[in-house]
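For reference, the chains in residue letters:
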Amino acid sequence: MRIALPFAALVGALAATAAGAQGGDLKACAACHALEKPASPTLDRFWERKGPDLWYAGDKFNRPWLVQWLQKPTVIRPGGVLWFKHAKAGEPRDTIDTAAVPKHDAVDAATAEKLADELMKLKGEGLLADSKFDPAVAAGPMGKLAFGKLRGCSSCHQDKPGEGGLSGPELYDAGARLQPAYVYAYAKDPQKFDRFVWMPRFALSDPDLQRITAYISTLGKGAQ
Amino acid sequence: MRALYLMGLAAMAFAVQPAAAEDDPKFQASAHIYDTYCTQCHGVQRNGKGVNTAGMSVQPRDHSDAAGMASIPNAEMIEVIHKGGAAANKSALMPPWASVLTDEQITDMVAYLRHVCKCGG
Chain A
1 MRIALPFAAL
11 VGALAATAAG
21 AQGGDLKACA
31 ACHALEKPAS
41 PTLDRFWERK
51 GPDLWYAGDK
61 FNRPWLVQWL
71 QKPTVIRPGG
81 VLWFKHAKAG
91 EPRDTIDTAA
101 VPKHDAVDAA
111 TAEKLADELM
121 KLKGEGLLAD
131 SKFDPAVAAG
141 PMGKLAFGKL
151 RGCSSCHQDK
161 PGEGGLSGPE
171 LYDAGARLQP
181 AYVYAYAKDP
191 QKFDRFVWMP
201 RFALSDPDLQ
211 RITAYISTLG
221 KGAQ
Chain B
225 MRALYLMGLA
235 AMAFAVQPAA
245 AEDDPKFQAS
255 AHIYDTYCTQ
265 CHGVQRNGKG
275 VNTAGMSVQP
285 RDHSDAAGMA
295 SIPNAEMIEV
305 IHKGGAAANK
315 SALMPPWASV
325 LTDEQITDMV
335 AYLRHVCKCG
345 G
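Residue numbers (the working numbering), protein chains in the order written: chain A, 1 to 224; chain B, 225 to 345.
In case anyone wonders, no lab produced these hints; they're calculated from the structure. A few of these clues could be false.
[Said to hold, decoys possible] Here are the simulated BS3-like pairs of lysine-lysine, each with C-alpha atoms no more than 25 Å apart in a straight line:
hint	chain 1	residue 1	chain 2	residue 2
1	B	Lys250	A	Lys85
2	B	Lys250	A	Lys188
3	B	Lys250	A	Lys144
4	A	Lys88	A	Lys144
5	A	Lys114	A	Lys132
6	A	Lys103	A	Lys132
7	B	Lys307	A	Lys88
8	A	Lys88	A	Lys188
9	A	Lys149	A	Lys50
10	A	Lys192	B	Lys342
11	A	Lys149	B	Lys342
12	A	Lys37	A	Lys50
13	B	Lys314	A	Lys188
14	A	Lys149	B	Lys307
15	A	Lys50	A	Lys144
16	A	Lys144	B	Lys342
17	A	Lys160	A	Lys123
Keep in mind it's a predicted model, so treat the numbers as computed, not measured.
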């Protein structure tokens, strides 16, 4: 029941908003996503929200990816918006009840274009101000090494389908999905985006941030 | 600076109260924080078997292991939660949580962990 009730509520919310979203009205998305910066974020907001925040979508996403994804949504967060709600204790380790992870509605091509336009207008003031990603930096072998063994990003994120952790969003198509400046800024200080998010702030040096961002930005680029 | 930091840690370790009762608000708050942040690696049942552990080169600590947990002083637990595993020559896969948790929440978490492991203070 712990899982079934929120899931049923989410299905209802998605059904209620699908018609609005099909018309290209971004307000319909607000049933599940924060389109404005929460005035007073709390830990419990994570337990209640039905979708990831979109109030900085224009700082985060690449528009071509948005247009494609909105028409053919895939699961980005293997455990759902809060993995704990779909985690099941087990041996040899806990698992995710993937059948319970809600799926996102698809929209038609014209709607996807309209929604992408609106989403790209949503920007957080100064969120990327500290982002110093240098596009000239090549990830090299150190990029993958930093992502994996050295800095442990792979503990929570997958850089290949089926390889890596499940509690964070997958990153195997992040090169197509995310703006490098956003990846740098988020990796540097996730709490700048949300004080309570379960990715903590690591003490990453600028060279580390550069090579990790460069590596993430190569992932899935050819898939578009 | 290092001496000041160590003094701070010692003060936080001193502030760790004996394992709280399950109906204590601090216990409940720590359990909620644990569910949100710690279970991804340390497991729903606090046994080190979280959803993220499949490919980890070093497996997370089993917090239900009384013998293993009893060997870790409160001050070390506080330092590892605060600054990450690498700060105490442990796995760098344990990240620093100081950007998310307050000093008081970390101190309360150590008391909660003593309750989980049933291994005193």
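A quick look at each hint next to the structure:
Restraint check for Lys250(B) and Lys85(A): satisfied, since their Cα atoms lie roughly 22 Å apart, inside the 25 Å limit. Our distance criterion of 25 Å between C-alpha atoms is broken by Lys250(B) and Lys188(A), whose separation comes to about 31 Å. Our distance criterion of 25 Å between C-alpha atoms is broken by Lys250(B) and Lys144(A), whose separation comes to about 40 Å. Using a Cα cut-off of 25 Å, the hinted pair Lys88(A) and Lys144(A) is violated, with the two alpha carbons roughly 30 Å apart.
A C-alpha spacing of about 31 Å is found between Lys114(A) and Lys132(A), which places the hinted pair above 25 Å, so the restraint is violated. Distance restraint check for Lys103(A) and Lys132(A): the Cα-Cα separation of roughly 35 Å exceeds the 25 Å cut-off, and the hinted pair is therefore not satisfied. Restraint check: the Cα-Cα separation between Lys307(B) and Lys88(A) comes to about 29 Å, which exceeds 25 Å; the hinted pair is violated. Restraint check for Lys88(A) and Lys188(A): not satisfied, since their Cα atoms lie roughly 31 Å apart, outside the 25 Å limit.
About 32 Å separates the Cα atoms of Lys149(A) and Lys50(A), which puts this hinted pair outside 25 Å; it is violated. Restraint check: the Cα-Cα separation between Lys192(A) and Lys342(B) comes to about 37 Å, which exceeds 25 Å; the hinted pair is violated. Taking the CA atoms of Lys149(A) and Lys342(B), the gap is about 32 Å. The hint is violated against a cut of 25 Å. A C-alpha spacing of about 16 Å is found between Lys37(A) and Lys50(A), which places the hinted pair at or below 25 Å, so the restraint holds.
Using a Cα cut-off of 25 Å, the hinted pair Lys314(B) and Lys188(A) holds, with the two alpha carbons roughly 22 Å apart. With a C-alpha separation of about 18 Å, the suggested pair Lys149(A) and Lys307(B) falls inside the 25 Å cut-off, and the hint holds. Only pairs whose Cα atoms come within 25 Å are accepted, and Lys50(A) paired with Lys144(A) is rejected, the gap being roughly 32 Å. Distance hint between Lys144(A) and Lys342(B) is unfulfilled; the C-alpha atoms sit about 40 Å from each other, more than 25 Å.
For the given pair, Lys160(A) sits about 29 Å from Lys123(A) by alpha-carbon distance, which is inconsistent with the 25 Å threshold.
Figure legend: structure checked against the earlier numbered hints; hints not met, in rising order: 2, 3, 4, 5, 6, 7, 8, 9, 10, 11, 15, 16 and 17.
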